[in-house]
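Chains as they are written, first to last, in the working numbering: chain S, 238 to 651; chain E, 238 to 651.
Since the hints were derived computationally from the structure, they do not count as laboratory data. Every residue, glycine too, gets a C-beta built ideally from N, C-alpha and C. Incorrect hints may have been included.
[As the list claims (entries may be wrong)] Chain S residues, not near chain E, derived (Cβ > 12 Å throughout):
no., residue
1, A407
2, K463
3, R559
4, S564
[Unchecked claim] If you want the footprint, here are the derived chain S segments under chain E, 3+ residues with CB under 8 Å:
no., region
5, 307 to 320
6, 590 to 599
7, 618 to 632
There are 2 protein chains.
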Amino acid sequence: MKAEILAVGTELLMGQIANTNAQYISSRLPEIGIGVYFHSVVGDNAERLKQIFKLALSRSEVIILTGGLGPTQDDITKETVSAVLGRRLVPDQASLDDIEDFFRKRGRKMTKNNLKQACLPEGCTIVRNSAGTAPGCIIEDSGKTIVLLPGPPSEMKPMFEETVMPYLAAKSDCRLESVYLRIFGIGESAVEDEIMDLIDGQTNPTIASYAKDGEVMIRITAMHPKDSTGTDIIRPVAHEIKRRLGDAVFSDDGSSLEEVAARLLMEKKMTVSFAESCTGGLLAARLTDIPGISAVFDRAAVTYSNRSKMEQLCVRKETLDRYGAVSEQTACEMALGIRNISGTDLGISVTGIAGPGGGTDKKPVGLVYTALAHRDGVTVKRLDLWGNRERIRNVTCLHVFDMIRRHLMVSGGM
Amino acid sequence: MKAEILAVGTELLMGQIANTNAQYISSRLPEIGIGVYFHSVVGDNAERLKQIFKLALSRSEVIILTGGLGPTQDDITKETVSAVLGRRLVPDQASLDDIEDFFRKRGRKMTKNNLKQACLPEGCTIVRNSAGTAPGCIIEDSGKTIVLLPGPPSEMKPMFEETVMPYLAAKSDCRLESVYLRIFGIGESAVEDEIMDLIDGQTNPTIASYAKDGEVMIRITAMHPKDSTGTDIIRPVAHEIKRRLGDAVFSDDGSSLEEVAARLLMEKKMTVSFAESCTGGLLAARLTDIPGISAVFDRAAVTYSNRSKMEQLCVRKETLDRYGAVSEQTACEMALGIRNISGTDLGISVTGIAGPGGGTDKKPVGLVYTALAHRDGVTVKRLDLWGNRERIRNVTCLHVFDMIRRHLMVSGGM
Numbered sequence: 238m239k240a241e242i243l244a245v246g247t248e249l250l251m252g253q254i255a256n257t258n259a260q261y262i263s264s265r266l267p268e269i270g271i272g273v274y275f276h277s278v279v280g281d282n283a284e285r286l287k288q289i290f291k292l293a294l295s296r297s298e299v300i301i302l303t304g305g306l307g308p309t310q311d312d313i314t315k316e317t318v319s320a321v322l323g324r325r326l327v328p329d330q331a332s333l334d335d336i337e338d339f340f341r342k343r344g345r346k347m348t349k350n351n352l353k354q355a356c357l358p359e360g361c362t363i364v365r366n367s368a369g370t371a372p373g374c375i376i377e378d379s380g381k382t383i384v385l386l387p388g389p390p391s392e393m394k395p396m397f398e399e400t401v402m403p404y405l406a407a408k409s410d411c412r413l414e415s416v417y418l419r420i421f422g423i424g425e426s427a428v429e430d431e432i433m434d435l436i437d438g439q440t441n442p443t444i445a446s447y448a449k450d451g452e453v454m455i456r457i458t459a460m461h462p463k464d465s466t467g468t469d470i471i472r473p474v475a476h477e478i479k480r481r482l483g484d485a486v487f488s489d490d491g492s493s494l495e496e497v498a499a500r501l502l503m504e505k506k507m508t509v510s511f512a513e514s515c516t517g518g519l520l521a522a523r524l525t526d527i528p529g530i531s532a533v534f535d536r537a538a539v540t541y542s543n544r545s546k547m548e549q550l551c552v553r554k555e556t557l558d559r560y561g562a563v564s565e566q567t568a569c570e571m572a573l574g575i576r577n578i579s580g581t582d583l584g585i586s587v588t589g590i591a592g593p594g595g596g597t598d599k600k601p602v603g604l605v606y607t608a609l610a611h612r613d614g615v616t617v618k619r620l621d622l623w624g625n626r627e628r629i630r631n632v633t634c635l636h637v638f639d640m641i642r643r644h645l646m647v648s649g650g651m
Numbered sequence: 238m239k240a241e242i243l244a245v246g247t248e249l250l251m252g253q254i255a256n257t258n259a260q261y262i263s264s265r266l267p268e269i270g271i272g273v274y275f276h277s278v279v280g281d282n283a284e285r286l287k288q289i290f291k292l293a294l295s296r297s298e299v300i301i302l303t304g305g306l307g308p309t310q311d312d313i314t315k316e317t318v319s320a321v322l323g324r325r326l327v328p329d330q331a332s333l334d335d336i337e338d339f340f341r342k343r344g345r346k347m348t349k350n351n352l353k354q355a356c357l358p359e360g361c362t363i364v365r366n367s368a369g370t371a372p373g374c375i376i377e378d379s380g381k382t383i384v385l386l387p388g389p390p391s392e393m394k395p396m397f398e399e400t401v402m403p404y405l406a407a408k409s410d411c412r413l414e415s416v417y418l419r420i421f422g423i424g425e426s427a428v429e430d431e432i433m434d435l436i437d438g439q440t441n442p443t444i445a446s447y448a449k450d451g452e453v454m455i456r457i458t459a460m461h462p463k464d465s466t467g468t469d470i471i472r473p474v475a476h477e478i479k480r481r482l483g484d485a486v487f488s489d490d491g492s493s494l495e496e497v498a499a500r501l502l503m504e505k506k507m508t509v510s511f512a513e514s515c516t517g518g519l520l521a522a523r524l525t526d527i528p529g530i531s532a533v534f535d536r537a538a539v540t541y542s543n544r545s546k547m548e549q550l551c552v553r554k555e556t557l558d559r560y561g562a563v564s565e566q567t568a569c570e571m572a573l574g575i576r577n578i579s580g581t582d583l584g585i586s587v588t589g590i591a592g593p594g595g596g597t598d599k600k601p602v603g604l605v606y607t608a609l610a611h612r613d614g615v616t617v618k619r620l621d622l623w624g625n626r627e628r629i630r631n632v633t634c635l636h637v638f639d640m641i642r643r644h645l646m647v648s649g650g651m
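Chain S extracted, bound-state conformation (with noise of 0.2 Å):
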């Protein structure tokens, strides 16, 4: 089956937010055989809307709206999409119970413009809303499954999860089955160099690399029938890229290096902290993302000031006077302080310039220290990362990370 999301709304158009819903669907429909061929975006204009809606009716089975179907004027997705295929908006009880008891349960008053929601295109099966006020719907129309969902996503995803994806499932015969291995530490064109055999030999499954800041990923899909799996497809091809790149390849299961990372340490019971500088909580704040890492998870000192870093670290002032805060040895001080006042089995520091400011030729903008304390000692690395800041501060995280999931799988531990 053929799909394609069509995103209703201005604020898409200007740029304001991106169109993370689209990724959101796409992301789940290919494990129910459903392709997606096209994303569109048009804004809050009626006309432009008909067009795209109608070219969609004519090359696509399933298309999926998002948008559009809030209480205010500039909201018209239901409105056009019924005029297209001709239904009345009719007005529907249970939905208008849902509204009146969302804002009941929040204390506020329901204005006016909150009723339009709860009209519904005739002959609809309406997705309910238990996160906003604004209801979905799926329309079956000659041969073509149309679905209208909200804008937000905390409205959008749990309505998609509970009842579009049950009921897309259902219509469809295939499954596509992806694996993703994430690398770290190797750059897109020479992981394509190493695997290109591969790449063009293959049919099913299809293979793809793609290169997101720092970290290169390689799919592998395969298509397969409803009723079987498509591991035994894609599992020698997952094997053979693993036995070139070698331990590089640090997930096969969507992981994320901080995901990988904090499954090591939970596995081995292993606690950690960190002592960050120009990562400023940035390390705490990806690793405490994981539900149930408090387990491992002990403290984070961020210490911005040089004063911090010794009252909070004990770093020595001799050694932020002569080597600098970024450098070498006040790297591992940081990791030792943290490790050795947290009593955790790693202690982690990261020190460096970020930018846009505070480079210098001998220490430009980019350069990071970060060091890990363990059992034996302390090892640290010298990062040298180009980009603005935000770019400096994500892959200075990667690189942690790795070194955590390194460091764990060579000692085992301790």
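Given chain S, put chain E in place with the hints provided.
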């Protein structure tokens, strides 16, 4: 001038990445009077790309394509666009030199597949790429302007800024000016209810509102000739909206809540430190994303364990035993503790239950306490948030930055 953006890449249709390039370009073009009317995404498939590119040629004057310029076999944008326009791809020596230089500087070997990137459509203007290997280009053809840029944002953005924006600005006669009023603490329908008469009455400027996790934004957009300004058109409307919504409007210059808080801290020379539990470093990470923040941000203690709350923040054991880690009392002691230890003007704490686990009937997921310790004492606030872990952590940060903002607005600082 009407523009559209066409992104090429199966990784977009598979949902591996969001189309942030379209967002970025869309946010920039209106400033030079170019309206973006459509975004489209197609995979690495020549036939579908051809179709959608022809459609774009039929309806837009400026077509910006991103992605598919890389060294690999499935990079087909240049080839497809050239075929549709009937142009040959010809090698460009300067581009080849740039690519060789790129590898040499990084001490890496150039693989042969990189040569393809130095071939460009005949008669085009080349857009140099200083951050990567794929040059872009601009083609003028039968009254249409076609721009090809690489997919990685770190390469696309500087190329767009340095070459494409000035090129397109010279072609456009009018300008669009937008002001964004950002609002925290009122829901979208309540906001719209408040300003409905203004929205109804206006054509230039236009007014639109939209909601984004915990925040509402109102966009006011004026169209004006190249040689004048939109300020006079926007100012009275912005003024009236601000009058009605009061200090819930936290910015009118695009600044985020953390940027507003950071600016107030810097203006008033007020130093700050954080004691974070459930946000796990996210507060500090978001604040330190702002260059120059080291002038006012001293440190953060990410205290995940009870022990670290006692050791790093001097929270009393009795308090934790009696009231629990997630309580008004613990929040207060954390805030007072970090202020005392760091010697900053403000000490801010967060403790709560971000979920998915850890909630109870009395203390459900989403319960968060945040406290602000200042010269005259400590102010604590209870938040009852909903949504997933990510949303709860993010909205908590917004509340904290808003608390800083309101404190500094009212008290003038200390």
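Violations among the numbered hints, reported as their numbers in ascending order: Structure breaks no hint.
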